[in-house]
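Engineer: Chains as they are written, first to last, in the working numbering: chain G, 1 to 193; chain Z, 1 to 193.
Don't take each hint at face value.
Identical chains share a label here; the pair holds if one copy fits it or two copies do between them.
In silico DSS-like cross-links for lysine-lysine, where the CA-CA straight-line distance does not exceed 25 Å [to be verified]: (1) Lys184 / Lys21; (2) Lys48 / Lys95; (3) Lys184 / Lys26; (4) Lys110 / Lys151; (5) Lys95 / Lys126; (6) Lys48 / Lys184; (7) Lys2 / Lys184; (8) Lys2 / Lys133; (9) Lys149 / Lys26; (10) Lys126 / Lys110; (11) Lys95 / Lys147; (12) Lys133 / Lys110; (13) Lys126 / Lys2; (14) Lys2 / Lys144; (15) Lys144 / Lys26; (16) Lys133 / Lys95; (17) Lys158 / Lys144; (18) Lys26 / Lys48.
Hints in this document: simulated from the structure, not taken from any laboratory.
Here are the chains, one letter per residue:
There are 2 protein chains.
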Amino acid sequence: MKNRIITISREFGSGGRSIGKLLAQKLSINCYDNQIIDRIAQESGFSKEYVNTQSETAPQSSILANPFFYNYTYSTNQDYMWNIQRNIVLELAEKESCIIVGRCADYILKDIADCLTVFIHADMQKRSERIVKLYGENSVSPIKRLKDKDKSRSAYYKLYTDMEWGNIRNYQIALNSGILGISKCVDIISQAY
Amino acid sequence: MKNRIITISREFGSGGRSIGKLLAQKLSINCYDNQIIDRIAQESGFSKEYVNTQSETAPQSSILANPFFYNYTYSTNQDYMWNIQRNIVLELAEKESCIIVGRCADYILKDIADCLTVFIHADMQKRSERIVKLYGENSVSPIKRLKDKDKSRSAYYKLYTDMEWGNIRNYQIALNSGILGISKCVDIISQAY
Numbered sequence: 001m002k003n004r005i006i007t008i009s010r011e012f013g014s015g016g017r018s019i020g021k022l023l024a025q026k027l028s029i030n031c032y033d034n035q036i037i038d039r040i041a042q043e044s045g046f047s048k049e050y051v052n053t054q055s056e057t058a059p060q061s062s063i064l065a066n067p068f069f070y071n072y073t074y075s076t077n078q079d080y081m082w083n084i085q086r087n088i089v090l091e092l093a094e095k096e097s098c099i100i101v102g103r104c105a106d107y108i109l110k111d112i113a114d115c116l117t118v119f120i121h122a123d124m125q126k127r128s129e130r131i132v133k134l135y136g137e138n139s140v141s142p143i144k145r146l147k148d149k150d151k152s153r154s155a156y157y158k159l160y161t162d163m164e165w166g167n168i169r170n171y172q173i174a175l176n177s178g179i180l181g182i183s184k185c186v187d188i189i190s191q192a193y
Numbered sequence: 001m002k003n004r005i006i007t008i009s010r011e012f013g014s015g016g017r018s019i020g021k022l023l024a025q026k027l028s029i030n031c032y033d034n035q036i037i038d039r040i041a042q043e044s045g046f047s048k049e050y051v052n053t054q055s056e057t058a059p060q061s062s063i064l065a066n067p068f069f070y071n072y073t074y075s076t077n078q079d080y081m082w083n084i085q086r087n088i089v090l091e092l093a094e095k096e097s098c099i100i101v102g103r104c105a106d107y108i109l110k111d112i113a114d115c116l117t118v119f120i121h122a123d124m125q126k127r128s129e130r131i132v133k134l135y136g137e138n139s140v141s142p143i144k145r146l147k148d149k150d151k152s153r154s155a156y157y158k159l160y161t162d163m164e165w166g167n168i169r170n171y172q173i174a175l176n177s178g179i180l181g182i183s184k185c186v187d188i189i190s191q192a193y
């Protein structure tokens, strides 16, 4: 593949998505994030809401728990969505130089595309403030929401890549957005690109 | 403390020391690395060779294994050297804005100084080539030398900081020097500083 891809893995609430968008503007390339969810929904037949909550989540139980969506080709709905997601990521990387947020794109494109692999993290306090500001409060505490989401992403990544999510050695650049700030992260990644 | 410090933690053979030196030139500040070993030797009475091999190594056995160096204030020689090292790092950070390579400086200065904490890593192949080029071959394979040194630094860091060496969340910036290259790492860190 001739294109240059930036993959951004991110802790929930670390601003990885915002960094992707700003970076895209700065580099004049596209950033793919929710568009991938839309396409998975379109191609799978599942609703956007279902894809959004389930497509970066490891299956919590056996296929017997999901009898309505069970099909004969894939063991779980997640496997089914994973395959669609994988093809979308490969297609994007083949088509253009771009930024892909999440979706295990770092793993899917490993040894195939010319990737700058990035991980964005921040401490709990900073991330709590950010998700409350962006998504508001609800009955679950921000810390619990962060921990649940991180755990779920980590399990999902492990299941489909057999690699450890957030292991320093899997990324070319890892940045603490809580201390460095979103704008500085954008500058650093664009310089490295 | 009013000074701004860059701490560089690094895997053996990743070029962290070279990055520190080049960064020092670029930012016109001092980089402290082997000078700290010299000072520990001077202040402890141990030889430079002994300090060099032992001061970033966790004690391998009980104090009974080191009866000649045993003293009544510290349990082990490493504890003794740790205390001297800690004071030197604090003194440097108090004195001037500078770069400190290794020595658990990130931990020693945590919550005390304004630090940019950096971790440099690279894959085994790149690090092997680097140590053979810099230090030559010997009877132990490069991979074994790397693994032993990483293990030793990791155990030392854990012992004195109770934190995990190379955990992505302990550093503001982590860079793969094997892929990005030494010069790009210098540019990125200087920009973040």
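Engineer: Each hint: holds or not?
Structural biologist: Hints, one by one, checked against the model:
1. Lys184 / Lys21: For Lys184 and Lys21, the Cα distance is within 25 Å both inside one copy (14 Å) and across copies (23 Å).
2. Lys48 / Lys95: The answer is within: 24 Å in one copy meets 25 Å, while 57 Å across copies does not.
3. Lys184 / Lys26: both (13 Å within a copy, 19 Å between copies)
4. Lys110 / Lys151: Close inside one copy (23 Å), not across copies (27 Å); limit 25 Å.
5. Lys95 / Lys126: neither (36 Å within a copy, 31 Å between copies)
6. Lys48 / Lys184: neither (33 Å within a copy, 40 Å between copies)
7. Lys2 / Lys184: Cα proximity of Lys2 and Lys184: across copies only (22 Å, versus 28 Å in one copy).
8. Lys2 / Lys133: Neither: 39 Å inside a chain and 32 Å across chains, both beyond 25 Å.
9. Lys149 / Lys26: neither (29 Å within a copy, 41 Å between copies)
10. Lys126 / Lys110: between (31 Å within a copy, 18 Å between copies)
11. Lys95 / Lys147: neither (35 Å within a copy, 40 Å between copies)
12. Lys133 / Lys110: neither (35 Å within a copy, 28 Å between copies)
13. Lys126 / Lys2: between (38 Å within a copy, 24 Å between copies)
14. Lys2 / Lys144: For Lys2 and Lys144, neither the intra-copy (42 Å) nor the inter-copy (36 Å) Cα distance is at most 25 Å.
15. Lys144 / Lys26: For Lys144 and Lys26, neither the intra-copy (34 Å) nor the inter-copy (44 Å) Cα distance is at most 25 Å.
16. Lys133 / Lys95: This pair counts as neither: shortest intra-copy Cα distance 35 Å, inter-copy 40 Å.
17. Lys158 / Lys144: within (21 Å within a copy, 27 Å between copies)
18. Lys26 / Lys48: neither (29 Å within a copy, 50 Å between copies)
Consistency note: the structure conflicts with the earlier hints numbered 5, 6, 8, 9, 11, 12, 14, 15, 16, 18.
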